[in-house]
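Each protein sequence line maps, in turn, to chains A and B. Using UniProt numbering, the letters of the first sequence map in sequence onto residues 1 to 221. Using UniProt numbering, the letters of the second sequence map in sequence onto residues 1 to 227.
Honestly, the hints are just simulated from the structure, not real lab data. Every residue gets a Cβ at the ideal spot worked out from N, C-alpha and C, and that includes glycine.
Here's a subset of chain A near chain B, in silico, CB distances under 7 Å, partners left out:
1. L7
2. R11
3. I15
4. R18
5. S19
6. G76
7. S77
8. A79
9. T80
10. E82
11. S83
12. L86
13. L87
14. G88
15. L89
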Amino acid sequence: MWRDAWLVAGRDLRIEARSRVALWQVLPFAILVLFLFAFSFGPQRSQLANSAPGLFWLALLFSTVLFAQRSRALEGSPATRESTRLLGLDPAGVFLGKMMALSVELVLLEILLILGVIFLFHVVVVSWLILVSSCLLAALGLSAVSVLYGALSGESRMRATLLPVLMLPIAAPVLIAGVRSFQAALEHGAGLGGRWVGVLAVFSVVYSALGIGLYGALEEN
Amino acid sequence: MAPAIHLRSAVVVVGRFPVLAGVDLDLDEGSVSAVLGANGAGKTSLLRLLAGLVPVEGGQATILGHDLGTERQALRHHVGLLGHDAGMYEELFPKENLVFALRAARLDPTRAEPALERVGIQGRLARTPMGQLSAGQQRRVGLALLLARRPQVWLLDEPHAALDSEARTLLGELVEEAAVGGAIVVATSHEPNLVLPMADRVITMAGGVVIDNQPGLRKPPGASHVA
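This is chain A alone, in the form it adopts within the complex:
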């Protein structure tokens, strides 16, 4: 399983590095969202700083939907997917590999967004441990949901519109826990933030397990 996972992760990252869709489309989209949020709140520093956690996680969620579409598109044409199915890859390994590749991309996006909120929203991070751990766990959870629901939306011609409708309600716990842990990282450091980081960890474990168990059946059907 892990061997196939590394193979698939390497394939997805190589394709993404060559196509540069993430670099030229998804990352600029995320930054654009942050700028628009900043413009909509005006120049008041306190208001910007107070709303920064929510805006960070909303920008991340919207961008994740684009990454999810992209991750599915990397699988290629129906003929490419059939050709790959003939190679005998372990479906659980394929799921994990896609999840790993997407997690790497999401972590890069999170770094960019954190820098964005620091400079645009004038926030001061008190507990980097809380912020980094919540971002890493959210990247894992969101990538698991993206790959799972990407497979669920399958060959649907409405995938571009169906995927956000399927994904965003499922990702609501990440938004809530992410905002709370981000607030904790800005204000009090550990304590309450740790509980919300725990929620993100449970979310990641549950959806990773679901993906490992269901991905093969979703691809077959």
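We have chain A already, so just place chain B on it with the hints.
Only chain B this time, still in chain A's reference frame:
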């Protein structure tokens, strides 16, 4: 000896439509079969059934000892399918595609380069993303993958399409080599003049069933058992 491919009243349903409505077919190792028929006759569906990509809804289907009702995934490792689309990742180079496929299939990735050279994909072409190659060149890469993987069942969907005369000659050579090596080759075609010389069986389909099954022009090295 039991035939390597054995279909009896095999039914495949897509949506609610039976794309294969009771196919009977027996093919031995080392055989080359041409499948002819009009559009919608069921040729491509037959290949997808033989690849283990679609479930058999009725009848019997056994390939290389694997029951297609229960062991489709175990069969797939032994099957190579070259469809209308070569089935490669457009952003990757031909060699990268082959190396990924060989590693995924737990085969030696060093087989990639000789296979690509054999089909004439080398030098600048080998370092060009698949999406920028012509349809014929992509087909050649698809053939190289078959050559490198050496599956026991070769399924070719209109293999001559988009190939130039040199590549068509090469295709004939590769098919003959595979069959002599014991592989089972099944090729669909709309061009009987191209496919008949390389086939020892000519199967005609219509309406999702086999309506005719005759000897072809190729003389196989071994005996061929056909129902």
